[in-house]
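Chemist: Using the sequences and the hints given, assemble the complete structure.
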Amino acid sequence: MRAKIRKSPISFGFFFIFFTVITAQSSFAQLEQDAANSIQNAQEKLIEVIILLEESETKKIEIKDLVVRADSARNLIKEASDKYLEGDYDSALQKANSATEQLDQLIEEITETAGSSKQKSRLIFSLLGSISALVSVALVFIFFKKIYPWYKTKQLEEYGKLVIVYEETSKAVKDDRE
Amino acid sequence: MTENKKPKKFFHNLKLEKMVALSFTVLVISSTLIIVFVIFIPFSDEGFSELSLYVYREDLDTYVTFGYPAGLYTDRNASIFFVVKNFENKVAYYQLQIKLTKLSQNLSTMFPLSSSISYQMYSNNTYEKILSYATKAEKESPSQFNDHYIWEPTNTTLYVNGNVLLFLGGDRSIKIVFELWKFDTEEDKFVYTGVFTFLELFITVV
Chain A
1 MRAKIRKSPI SFGFFFIFFT VITAQSSFAQ LEQDAANSIQ NAQEKLIEVI
51 ILLEESETKK IEIKDLVVRA DSARNLIKEA SDKYLEGDYD SALQKANSAT
101 EQLDQLIEEI TETAGSSKQK SRLIFSLLGS ISALVSVALV FIFFKKIYPW
151 YKTKQLEEYG KLVIVYEETS KAVKDDRE
Chain B
179 MTENKKPKKF FHNLKLEKMV ALSFTVLVIS STLIIVFVIF IPFSDEGFSE
229 LSLYVYREDL DTYVTFGYPA GLYTDRNASI FFVVKNFENK VAYYQLQIKL
279 TKLSQNLSTM FPLSSSISYQ MYSNNTYEKI LSYATKAEKE SPSQFNDHYI
329 WEPTNTTLYV NGNVLLFLGG DRSIKIVFEL WKFDTEEDKF VYTGVFTFLE
379 LFITVV
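In order, the protein sequences belong to chains A and B. Just so we're aligned: 29 in the numbering used here is position 29 of the first sequence, and the numbers increase by one with no gaps anywhere. In short: position in the second sequence from 1, add 178, done, that's the numbering used here.
Treat the hints with caution; some may be incorrect.
What the hints assert, rightly or not - Here are the simulated DMTMM-like pairs of lysine to aspartate or glutamate, each with C-alpha atoms no more than 25 Å apart in a straight line:
no., chain 1, residue 1, chain 2, residue 2
1, B, Lys314, A, Glu167
2, A, Lys64, B, Asp239
3, B, Lys360, A, Asp82
4, A, Lys152, B, Glu195
5, B, Lys268, A, Glu54
6, B, Lys307, A, Glu44
7, B, Lys360, A, Glu79
8, B, Lys268, A, Asp71
9, B, Lys268, A, Asp82
10, B, Lys360, A, Asp65
11, B, Lys367, A, Glu158
Unchecked claim - Among chain A residues calculated to face chain B with C-beta under 8 Å, some are:
no., residue
12, Ile51
13, Lys64
14, Lys78
Please keep in mind that the hints were generated in silico from the structure rather than gathered at the bench. Glycine is no exception: its CB is placed at the ideal position from the N, C-alpha and C atoms.
Modeler: What follows is the structure, encoded as structure tokens:
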């Protein structure tokens, strides 16, 4: 009984160390998994940004600064990947999260800018549409007030120049009639 | 009768109605053609990417396109700089792959060098950059090294190690090929642009 009591602190110590190691290993594995997921997530966000930037070309958005920031985030992802390969999962996770934050912000900005640019183009198109409609109405008015009366006058002038010509029928037809 | 067939007399013989109808027809046809061209055949300016190699001259304090290394030694590295310019008319995510192959190896703008016939000197993600594109005015008079559409001169080290010698076997004449790849958002991967440049070198084992 005494021996058991004496052994118990040793057993406790052994189990303590065992559980500490197991816990540390599992949290380390968890950290590795988190870092890998975070890098993957950041890479997907980067592709999303690239797609938005490519599309922005057609929307005529000023993108120089956005591209520089996207490249900086890409660089951060690369650093995170390098840290991950070195086994420094903590730094890898931090860098990947930071890149994701930057990219989220970029996505928001590009979407907003594209939205305002779309609004601008809508405004321009509506303005152009209204002007075209006004011009069309004016043209129709001018047509009925000026062009059509002019056309009618010209037409009457043309008809007035017409001369009735009586052609002599051929001899054969004449004979037939007779 | 014969006078009517003459082109000069053609319009004189037309009545007013015919003139008006003809004008309207011409107007409708030309408007339709313009609309079709504008909508279905948009103006497209073919884009391209530019890749060039430079050597840094300390005495001139600039990058030059002459005096490239002609040989590589096993005990010392050589240095070379590459520059990429984006004239693609859209943002591009570039990757530069540096491969070593035998001098006799043919290069193609259609297919990149496969891993079976080349030695990858750096991992694929070593040299990557996102670049915005040059405007029309920038295309006409491009900057040399520094601008938003230029991947500024980037140093890369050319080396020879045991793996390179193992890959080459007995061969000592090599090509170091710089291939430009670009991320394709539709395929969701980097694809070969067909743009490449290379250096011919002789390896000396010291």
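Chemist: Now, for every hint given, state plainly whether the structure supports it.
Modeler: Hint check results:
1. For a cut-off of 25 Å, the pair hint linking Lys314 (chain B) to Glu167 (chain A) is broken: about 71 Å separates their Cα positions.
2. Simply put, Lys64 (chain A) and Asp239 (chain B) have alpha-carbon atoms about 28 Å apart, too far for the 25 Å limit, and the pair is violated.
3. With a C-alpha separation of about 21 Å, the suggested pair Lys360 (chain B) and Asp82 (chain A) falls inside the 25 Å cut-off, and the hint holds.
4. For the suggested pair Lys152 (chain A) and Glu195 (chain B), the alpha carbons sit about 10 Å apart, so the restraint of at most 25 Å is met.
5. The straight-line distance between the Cα atoms of Lys268 (chain B) and Glu54 (chain A) is roughly 6 Å, inside the 25 Å bound, and the hint therefore holds.
6. Of the supplied pair hints, the one linking Lys307 (chain B) and Glu44 (chain A) holds, its CA atoms being roughly 16 Å apart against a limit of 25 Å.
7. This hinted pair checks out: Lys360 (chain B) and Glu79 (chain A) have alpha carbons roughly 20 Å apart, not beyond 25 Å.
8. Between Lys268 (chain B) and Asp71 (chain A) the CA atoms are separated by roughly 15 Å; this keeps the pair inside 25 Å, and the hint holds.
9. Taken as a hint, the Lys268 (chain B) and Asp82 (chain A) pair is broken in the structure, with Cα atoms around 29 Å apart against an allowance of 25 Å.
10. Between Lys360 (chain B) and Asp65 (chain A), the direct Cα distance comes to roughly 20 Å. Compliance with the 25 Å bound is thereby established for this hinted pair.
11. Under the criterion of a C-alpha separation no larger than 25 Å, the hint pairing Lys367 (chain B) with Glu158 (chain A) is inconsistent with the structure, at around 73 Å.
12. A hinted interface residue such as Ile51 (chain A) counts as satisfied when its beta carbon comes closer than 8 Å to some beta carbon of chain B; here the least separation is about 5 Å, so the hint holds.
13. For Lys64 (chain A), the interface hint holds, the least distance from its beta-carbon to any beta-carbon of chain B being 5 Å, beneath 8 Å.
14. At its closest, the beta carbon of Lys78 (chain A) sits 6 Å from a beta carbon of chain B; the interface hint therefore holds under the 8 Å criterion.
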